[in-house]
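**Student:** Protein chains in written order, with the numbering used here: chain H, 1 to 919; chain B, 1 to 165.
It should be emphasised that the hints constitute simulated quantities derived from the structure, not laboratory data.
Ideal placement from N, C-alpha and C gives every residue a C-beta, glycine not left out.
Possibly wrong hints are sitting among the right ones.
Just so you have them, the derived chain H footprint on chain B, three or more residues with Cβ under 8 Å [stated by the list, open to error]: (1) 13-27; (2) 96-105; (3) 148-156.
The calculated lysine-lysine pairs, modelled on DSSO-like cross-linking and capped at a C-alpha distance of 30 Å, are [to be verified]: (4) H:Lys471 x H:Lys484; (5) B:Lys149 x H:Lys96; (6) B:Lys164 x B:Lys24; (7) H:Lys93 x B:Lys57; (8) H:Lys418 x H:Lys374; (9) H:Lys863 x H:Lys429; (10) H:Lys231 x H:Lys374; (11) H:Lys96 x B:Lys119; (12) H:Lys93 x B:Lys111; (13) H:Lys93 x B:Lys28; (14) H:Lys771 x H:Lys471; (15) B:Lys26 x H:Lys93; (16) B:Lys1 x H:Lys90; (17) B:Lys149 x B:Lys57; (18) B:Lys1 x H:Lys96; (19) H:Lys146 x H:Lys93; (20) B:Lys26 x B:Lys111; (21) H:Lys374 x H:Lys736; (22) H:Lys786 x H:Lys771; (23) H:Lys96 x B:Lys111; (24) H:Lys374 x H:Lys730; (25) B:Lys26 x H:Lys493; (26) H:Lys771 x H:Lys251; (27) H:Lys127 x H:Lys90; (28) B:Lys119 x H:Lys90; (29) B:Lys28 x H:Lys90; (30) H:Lys93 x B:Lys149; (31) B:Lys111 x H:Lys90; (32) H:Lys189 x B:Lys111; (33) B:Lys1 x H:Lys93; (34) B:Lys149 x B:Lys164; (35) H:Lys127 x H:Lys146; (36) B:Lys26 x H:Lys90; (37) H:Lys320 x H:Lys280; (38) B:Lys28 x B:Lys44; (39) B:Lys1 x B:Lys57.
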Amino acid sequence: MVQDLSTLTAFIDGEPLGFESGETLLNFIDRHKGRGFVPTLCDAPQLEPYGACRVCSVEVALQADGPRRVVASCHTPLAAGMHVFTESPKVRKLRKNIVELVLTDHPLDCLTCEVSGNCELQTVAAKVGIRGVRYPAGANHLDRAKDHSHPYMTSELSKCINCSRCVRACDEIQGQHVLSMHGRGFNAKIIKGLDQSFADSECVSCGACAQACPTSAISDVFFSKSIEATKKTRTICTYCGVGCNLNVSTKGDQVLSIQAPVDAEVNHAHTCLKGRFAFKFYNHKDRLRKPLIRQADGSFKESSWDEAYDHIVANLTRIKNEHGGNAVAGISSARCTNEENYLMQKFIRHVMGTNNIDCCARVCHSPTAWGMQKSFGTGAATNSYEDIEHTRCIMVIGANPTEGHPVTGARLKQHIMKGTPLIVIDPRKIELVPYAKHHLQLRPGTNVALLNMFARCILDAGLVKTEFVRKRCENWEEFENGLKALDLDELAKITGVAVETVRAAALEYASAEAAMSFHGLGVTEHEQGAKTVMLISNIAMMTGNIGRPGVGVNPLRGQNNVQGAADMGCQPHQGAGYFEMIDLDVQKRYTEFYGTPAPTEPGWKIPQMFDAAIEGKLKALWLMGEDVVQTDPDAHHVRHAMESLEFLVVQEIFMTETAKYAHVILPASSFLEKSGTFTNAERRVQRVNAAVKPLDGTKPDGQIMCEVLQRFGFPQADYTPDGVLAEIAKIVPFFKGITWSNLDINGKQWPVQEGGVDTQILHQTEFKRGKGHFHYFDWKESTELKTNGAEFPFILTTGRILEHYNCGTMTRRTGNSEIVVQDYLSLNPADAQRKSIRTGDRVRLSSARGEVELEARVTDEVKPGILYTTFHFPEAMVNNVTGQGCDGDTMCPEYKVVAADVEFVSAGKPKKKRMMEMS
Amino acid sequence: KPGIYEVAMGTPLTDVVALAGGFKTKVKAIQVGGPLGGIVPVGKIGELTVDFESFKKAGFLLGHAGVVSIPESFPMIEYIQHLFQFTADESCGKCFPCRLGSTRGKELIAKARGDSSYKIDRELITDLLDTMEQTSLCALGGGVPLPIKNALEHFQTELAPFFKA
């Protein structure tokens with residue numbers, strides 16, 4: 001037979017089939033015959049080929065009847081015209097013999113094993129037809145002790161088959177390098193850290209190893225590989241803005257465990273300990289299960305839903321009639337779905353008749369949305385996570401992705417470890433810093449000064465892409481002139497970063513073929529937050545890093561649906577789809593669409609709502625899933641606002657610090673109990689599917705909003721996720737092509753054209769606003785420091801850690817609280833010595849607003865003069881010290897710069913290992 | 001006269017043995033080419049010349065051409081055990097056939113030597129050797145079956161008591 005070897009054709013058992021360049025034999029066989037057709041023990045789709053078990057052995061020949069050779073298909077590259085024999089008697093026998101050898105060192109207790117029925121060894125043994133082990137009893141490792149030291153991770157290494165999948169998962173997926181193979185030959189064994197327990201090791205409990213392990217050798221306390229579950233539901237994680245897909249295993253109404261789907265485009269079989277393990281809050285005893293109405297004596301009384309709704313309708317109607325709709329406001333939640341946010345703003349705008357609707361994007365990425373709209377026309381990430389694969393330079397500004405956005409953080413780390421240069425601009429030595437080529441450790445509050453230096457260095461080096469600037473952008477001259485007037489030495493003093501250090505990083509970024517920037521709240525939560533965002537946009541434009549693979553400006557959105565909450569119109573100035581509410585045509589459009597008049601006056605932003613409440617102008621507030629008392633800055637002020645309200649409605653899953661001030665509390669359902677969509681940080685709208693029915697007595701927020709709309713006489717259909725999504729698609733242009741069914745399993749990235757064509761990269765041929773607009777801004781010292789810096793000489797900056805999520809309402813009610821039990825205050829060794837403070841001591845942190853006590857952690861992760869803490873625990877209430885300073889353009893609070901002081905209170909010992917490690 | 005001798009390719013193996021001064025004691029076989037080289041019974045020495053083709057054709061391996069002599073008095077079964085032991089000691093542990101196979105092979109031989117009631121199943125040892133030879137990741141696990149197979153073939157009578165009929 002004559003074959004054309006130039007085409008990509010090869011043969012499986014004689015059948016000619018097409019292959020893709022670079023494929024291994026096993027990829028080729030899997031694709032055509034299905035995964036598992038050729039058995040394997042060490043190969044896993046989420047891992048690189050390894051070639052250890054040899055169970056995937058096949059015979060290959062260059063001609064159909066030519067001499068054959070046995071090769072392991074997983075790591076053998078395919079060549080054109082190759083004949084692969086997958087089922088010859090010879091390879092069948094070889095596979096069987098290998099599996100028999102494996103079983104000589106494996107406990108034969110399948111019936112009682114947690115993974116029985118879902119064990120890859122069991123499956124492969126059955127497939128190759130093992131009936132018994134012929135070898136006499138010999139040396140074995142059946143006596144290895146179990147490790148139950150960790151709140152989540154477990155190991156039982158007597159079940160280990162030494163396939164190294166866990167080691168590779170730890171290296172190739174998480175990049176933590178905790179697991180390794182110790183020793184060699186027959187006694188080679190898996191160890192954690194320096195042969196420690198899971199709890200003592202530096203494991204970050206992402207669970208990638210447990211998911212990759214083919215047996216139960218490494219598993220978790222939820223037995224996530226058992227077949228106990230009767231149903232698996234694919235949904236989206238409710239923690240950060242990465243938007244990991246999750247497979248939730250349930251039995252009846254019990255959530256048993258969570259795994260990460262291999263075919264998830266966002267997270268490729270990976271997720272972090274929050275997504276995988278921190279779900280036990282969902283049926284925690286503290287969950288609210290009955291509506292509560294505040295009584296005259298201040299206590300709460302359980303009520304029926306009807307009573308609660310009646311009470312709400314009566315009070316809001318009265319307040320609206322007496323004081324007008326503008327005396328009412330709503331704050332929706334970026335933790336809730338698009339549909340719920342959409343309904344909430346519809347209720348506030350078209351029933352209450354006011355633009356007083358905002359969401360927690362205000363306190364995180366409102367400067368991003370606003371700033372990027374000014375620069376590019378769209379307030380969202382220009383590119384996708386997938387672009388990480390194509391970029392040649394990564395810049396991380398004011399973000400700590402390995403803690404805040406762990407799956408994206410791990411993906412970035414993988415590429416950085418493989419040689420992509422990294423620039424970190426952050427006041428702290430974050431986890432990525434040791435991998436960074438450039439770390440610009442600036443003083444908090446000097447982002448604009450530093451990025452101006454950065455841009456000026458690019459200009460001075462002649463690296464401006466003038467062609468791109470001329471064709472695609474406008475107002476360059478203003479920016480150029482501003483840069484030229486800068487005194488770099490002066491700025492170096494202000495930022496604390498030498499000009500040459502900035503120059504080296506700037507040249508790295510500007511000369512890379514494709515450079516991609518990521519930023520977080522270290523950019524936005526400043527007095528010049530939006531200005532910094534526009535400056536990052538300028539730098540991307542001046543270097544032509546927009547509109548192609550591997551580039552762009554990419555905010556790491558904090559919450560699972562913070563992109564979506566703003567998209568849905570939960571902002572006082574823009575309605576659903578980012579239409580300006582002051583525009584008469586826009587008002588007309590909404591009025592026609594909803595059949596009730598759209599509000600015309602501009603609404604209040606969250607901080608303005610608090611002020612208005614205290615001034616008596618705001619009478620009623622509706623909060624959906626937002627704990628403003630614990631999370632918004634200057635908690636005293638927020639409490640005062642809550643106390644001043646005549647009527648406060650809180651939709652919540654737990655009795656939060658804020659809910660304590662409510663007049664009506666409506667018990668809502670968690671993400672595991674509801675269906676809708678979340679939009680992640682790469683504009684990907686993904687389907688959230690209820691894994692269990694709502695906890696008795698609770699209702700999903702979407703259903704609550706629909707019922708409320710109905711109670712107010714609005715012609716609102718009952719809640720269905722597809723129904724509300726269809727309505728959104730009619731009014732939000734970039735949702736036009738989205739339907740519940742076409743979102744399928746991996747969602748779609750907006751804008752989505754009619755017919756469902758989505759968009760991975762924005763601004764490819766022109767910017768949304770036409771031309772990219774350059775803005776120039778001078779750096780300004782934070783008012784907080786100018787006002788209070790003399791009395792409070794330290795600068796406090798805040799952030800979060802891997803184990804906890806924001807105010808910890810959920811994570812503190814899971815095993816994560818066993819891993820990290822409290823907030824702590826980081827300070828530099830030089831400051832610590834001066835103040836006689838040691839790691840573990842109690843210290844008092846104070847500011848012009850108030851003081852809190854925390855445990856100290858002495859570390860060089862911060863420079864002298866800088867303090868850092870998290871805000872996860874109500875016991876600490878760190879927001880008692882943060883201030884009311886905010887971004888001049890969007891009123892996003894200045895959490896990242898607080899004039900503070902610290903003093904020793906009492907000696908102590910560090911509470912948790914991880915904190916000692918970090919110090 | 002053990003040492004290093006340089007001979008032209010194609011030199012009869014007998015000449016090499018002579019160069020080195022012949023055998024001190026009575027020898028039943030030589031292993032040529034290191035621990036993974038073939039085991040050549042003395043009777044076959046005369047048929048071989050020092051080149052790859054000659055060794056390959058006869059089912060042995062020239063390898064680095066080092067020669068180790070196995071005295072008449074040394075039990076071949078013990079030599080086989082030594083070969084498995086060597087492989088087990090040297091195995092890195094990555095691939096399953098070598099990591100597990102070398103130890104199980106060693107145990108099979110040891111059991112047969114220590115327990116006269118235990119006889120090794122011929123199919124089992126053949127399966128083990130074929131599997132190691134064809135599926136090991138590197139030449140260690142893939143190489144050791146050759147000398148063992150040579151020994152099984154050429155010393156059938158001596159080894160018979162350890163195997164099932």
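**Student:** If a hint holds in the structure, say so; if it does not, say that too.
**Tutor:** The hints, checked one at a time:
Figure legend: the segment 13-27 of chain B, annotated as covered by chain H; annotation inconsistent (0 residues with Cβ-Cβ distances under 8 Å, at least 3 required). With 8 residues carrying a beta carbon less than 8 Å from a beta carbon of chain H, the segment 96-105 of chain B meets the three-residue requirement, and the given coverage holds. Remark: the segment 148-156 of chain B is not confirmed as covered by chain H, as 0 of its residues place a Cβ nearer than 8 Å to a Cβ of that chain, below the required three. Of the pairs offered as hints, the one joining Lys471 of chain H and Lys484 of chain H holds, with about 22 Å between alpha carbons and a cut-off of 30 Å not exceeded.
At roughly 21 Å between alpha-carbon atoms, Lys149 of chain B and Lys96 of chain H fall within 30 Å of each other, so this suggested pair holds. Proximity of Lys164 of chain B to Lys24 of chain B is assessed by CA-CA distance (about 35 Å); at most 30 Å being required, the pair is judged violated. A hinted pair counts as satisfied when its Cα atoms are at most 30 Å apart, and Lys93 of chain H with Lys57 of chain B qualifies at roughly 27 Å. Under the criterion of a C-alpha separation no larger than 30 Å, the hint pairing Lys418 of chain H with Lys374 of chain H is inconsistent with the structure, at around 36 Å.
Between Lys863 of chain H and Lys429 of chain H, the direct Cα distance comes to roughly 9 Å. Compliance with the 30 Å bound is thereby established for this hinted pair. Taking the CA atoms of Lys231 of chain H and Lys374 of chain H, the gap is near 47 Å; set against the 30 Å cutoff, the hint is violated. Under the criterion of a C-alpha separation no larger than 30 Å, the hint pairing Lys96 of chain H with Lys119 of chain B is consistent with the structure, at around 22 Å. For a cut-off of 30 Å, the pair hint linking Lys93 of chain H to Lys111 of chain B stands: about 25 Å separates their Cα positions.
Pair hint Lys93 of chain H plus Lys28 of chain B does not hold up; C-alpha atoms about 34 Å apart against a cutoff of 30 Å. This hinted pair checks out: Lys771 of chain H and Lys471 of chain H have alpha carbons roughly 8 Å apart, not beyond 30 Å. At roughly 41 Å between alpha-carbon atoms, Lys26 of chain B and Lys93 of chain H are farther apart than 30 Å, so this suggested pair is violated. Between the alpha carbons of Lys1 of chain B and Lys90 of chain H the distance comes to roughly 46 Å, so the proposed pair goes past 30 Å and is violated.
Distance check on the hinted pair: Lys149 of chain B and Lys57 of chain B sit about 15 Å apart at the alpha-carbon level, within 30 Å; holds. The suggested pairing of Lys1 of chain B with Lys96 of chain H is violated, with an alpha-carbon distance near 48 Å, which exceeds 30 Å. A hinted pair counts as satisfied when its Cα atoms are at most 30 Å apart, and Lys146 of chain H with Lys93 of chain H does not qualify at roughly 34 Å. Of the pairs offered as hints, the one joining Lys26 of chain B and Lys111 of chain B holds, with about 28 Å between alpha carbons and a cut-off of 30 Å not exceeded.
Proposed proximity of Lys374 of chain H and Lys736 of chain H is supported: the alpha carbons are some 23 Å apart, at most 30 Å. With a CA separation close to 37 Å, the supplied pair Lys786 of chain H and Lys771 of chain H exceeds the 30 Å bound. Pair hint Lys96 of chain H plus Lys111 of chain B holds up; C-alpha atoms about 23 Å apart against a cutoff of 30 Å. Taking the CA atoms of Lys374 of chain H and Lys730 of chain H, the gap is near 25 Å; set against the 30 Å cutoff, the hint holds.
Simply put, Lys26 of chain B and Lys493 of chain H have alpha-carbon atoms about 88 Å apart, too far for the 30 Å limit, and the pair is violated. With a C-alpha separation of about 54 Å, the suggested pair Lys771 of chain H and Lys251 of chain H falls outside the 30 Å cut-off, and the hint is violated. Pair hint Lys127 of chain H plus Lys90 of chain H holds up; C-alpha atoms about 15 Å apart against a cutoff of 30 Å. For the given pair, Lys119 of chain B sits about 26 Å from Lys90 of chain H by alpha-carbon distance, which is consistent with the 30 Å threshold.
Restraint check for Lys28 of chain B and Lys90 of chain H: the C-alpha separation of about 34 Å exceeds 30 Å, so the hint is violated. Using a Cα cut-off of 30 Å, the hinted pair Lys93 of chain H and Lys149 of chain B holds, with the two alpha carbons roughly 19 Å apart. A threshold of 30 Å between alpha carbons decides the hint, and for Lys111 of chain B with Lys90 of chain H the separation of about 28 Å falls inside it, so the pair holds. With a C-alpha separation of about 26 Å, the suggested pair Lys189 of chain H and Lys111 of chain B falls inside the 30 Å cut-off, and the hint holds.
With a CA separation close to 47 Å, the supplied pair Lys1 of chain B and Lys93 of chain H exceeds the 30 Å bound. Our distance criterion of 30 Å between C-alpha atoms is met by Lys149 of chain B and Lys164 of chain B, whose separation comes to about 16 Å. At most 30 Å may separate the alpha-carbon atoms for a hinted pair to count; Lys127 of chain H and Lys146 of chain H meet this at roughly 29 Å. The hinted pair formed by Lys26 of chain B and Lys90 of chain H fails the criterion: a straight-line CA distance of about 41 Å is larger than 30 Å.
The suggested pairing of Lys320 of chain H with Lys280 of chain H is violated, with an alpha-carbon distance near 40 Å, which exceeds 30 Å. Of the pairs offered as hints, the one joining Lys28 of chain B and Lys44 of chain B holds, with about 10 Å between alpha carbons and a cut-off of 30 Å not exceeded. Pair hint Lys1 of chain B plus Lys57 of chain B holds up; C-alpha atoms about 29 Å apart against a cutoff of 30 Å.
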